[in-house]
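Chemist: Top to bottom, those sequences are chains R and V. At position 172 of the first sequence (counting the first as 1) the number is 173 in this note's numbering, and the numbers step up by one without a gap. At position 176 of the second sequence (counting the first as 1) the number is 177 in this note's numbering, and the numbers step up by one without a gap.
What the hints contain is simulated information worked out from the structure, not anything from laboratory work. All values derive from a computational prediction rather than experimental measurement. There are no misleading hints in this set.
One copy or any two copies: either way a pair holds, since identical chains are not told apart in the list.
Calculated cross-link-like contacts (lysine-lysine; reagent style DSBU-like; alpha-carbon spacing at most 35 Å):
hint	residue 1	residue 2
1	Lys111	Lys219
2	Lys201	Lys170
3	Lys111	Lys176
4	Lys110	Lys188
5	Lys201	Lys179
6	Lys77	Lys21
7	Lys156	Lys111
8	Lys165	Lys21
9	Lys110	Lys201
10	Lys111	Lys54
11	Lys201	Lys4
12	Lys15	Lys4
13	Lys165	Lys110
14	Lys54	Lys165
15	Lys170	Lys15
16	Lys179	Lys110
17	Lys110	Lys77
18	Lys45	Lys77
19	Lys179	Lys111
20	Lys55	Lys15
21	Lys176	Lys156
Number of protein chains: 2
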Amino acid sequence: MRKIYGIGVGPGDKELITLKGYNLIRSCDYVFLPSSRGNSLAGKIVSDYIVDKKVIEIEFPMGEDNEERYINACIKINESLSEGEVGVFLTLGDPMTYSTYLYLLLQLKKTELVVETIPGITSFNAVSSRLSLPLTLRDENFYLADGTLDEEILKRVDTVCVLKIIRNKLDIIDKLIKHGFDYVCVKRCTQENEAILYEKSEILEDEDYMSLIYARRK
Amino acid sequence: MRKIYGIGVGPGDKELITLKGYNLIRSCDYVFLPSSRGNSLAGKIVSDYIVDKKVIEIEFPMGEDNEERYINACIKINESLSEGEVGVFLTLGDPMTYSTYLYLLLQLKKTELVVETIPGITSFNAVSSRLSLPLTLRDENFYLADGTLDEEILKRVDTVCVLKIIRNKLDIIDKLIKHGFDYVCVKRCTQENEAILYEKSEILEDEDYMSLIYARRK
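Start from the sequences and build out the full structure, keeping to the hints where you can.
Modeler: Here it is, written out as structure tokens:
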């Protein structure tokens with residue numbers, strides 16, 4: 002058997018990986034790291050845990066997206082693992098939530114590799130703890146979106162998190178205000194350069210692609 | 002300073018706690034465990050980690066709910082911790098997501114205790130990995146509810162998770178079918194007695210209060 006684990010390393014704090022993810026990284030034969038122009042945030046988060054491991058970077062350039070890169074990544078993983086070997090593919094946050102791993106997973110499932118996914122702490126769960134504000138109280142509901150907000154949903158929910166806000170910030174904030182939400186923008190939650198932005202003007206000026214907006218009905 | 006951490010221990014697998022949560026449990030002075038008639042699932046999950054710790058059970062009987070019990074729990078925690086001591090309050094899944102900790106937190110904030118919350122893996126994140134199905138692909142959205150589903154939201158989302166389905170299963174399933182979702186019920190994901198139910202009839206017969214439904218647009 003040859004096995005590959007998709008592991009969520011959490012939002013940034015190196016201790017917000019699960020024990021399961023940590024133990025698999027420590028015991029595996031190969032660590033596969035997604036990187037963009039030589040940078041890997043997932044790799045940075047677990048850097049203390051992989052110093053003595055065989056690490057293979059897989060290039061996923063930002064902005065570009067086509068099936069071919071997932072096919073090529075899958076070939077690289079498949080060719081690297083010999084019989085009896087175990088690899089881990091690391092991904093920021095949770096592997097099943099807005100992750101490139103989901104597209105790689107579609108390719109991995111076509112191979113003879115055994116695939117298992119280990120969940121990770123999402124950015125929105127981390128933000129909720131960081132702000133000390135509920136994601137959901139009893140009988141409430143939660144809406145997770147990226148980039149755009151649907152007003153019919155907004156009318157009907159208690160808490161909202163929007164990822165990838167950079168594309169569409171003014172529209173997102175205006176809709177949240179219109180429908181009676183308090184909102185806050187959190188940049189790189191639990192990472193070294195974390196920041197919390199409360200003012201509309203500073204949120205609009207922020208250009209970080211890893212910022213999210215947490216909003217809660219007043 | 003006296004400090005209390007609210008820690009999510011994850012959905013059931015003892016390795017699905019974060020390294021941060023684990024390290025705080027190992028280093029703290031007191032472990033506070035919510036229990037119902039002497040049973041604590043959070044306590045069971047971390048049982049290997051707390052054998053040598055001072056453990057204080059706090060009774061939260063199922064079904065009953067009033068502010069007084071949170072006030073009393075807060076008093077117990079506040080009275081137990083001396084200057085310089087650290088306590089952890091353990092909670093299943095994530096502390097900010099449908100957790101009794103959220104109500105305790107409101108009381109803790111009124112004291113002089115320093116409070117910090119450590120996120121945990123939610124049941125719905127664990128289910129998504131377990132089923133190897135996305136919570137959200139790029140440009141998709143996600144709707145989290147407990148007990149009831151809003152059809153206007155259902156029309157507009159890609160993935161839905163419903164917790165506490167026991168109150169209202171037939172209505173939930175009928176709405177999911179009506180709006181074009183595939184669905185599956187997962188009982189006690191990553192716990193010893195985990196089960197995955199695919200048939201409507203077996204889901205309706207199931208009486209576990211810790212089952213959730215994961216649904217995805219066809």
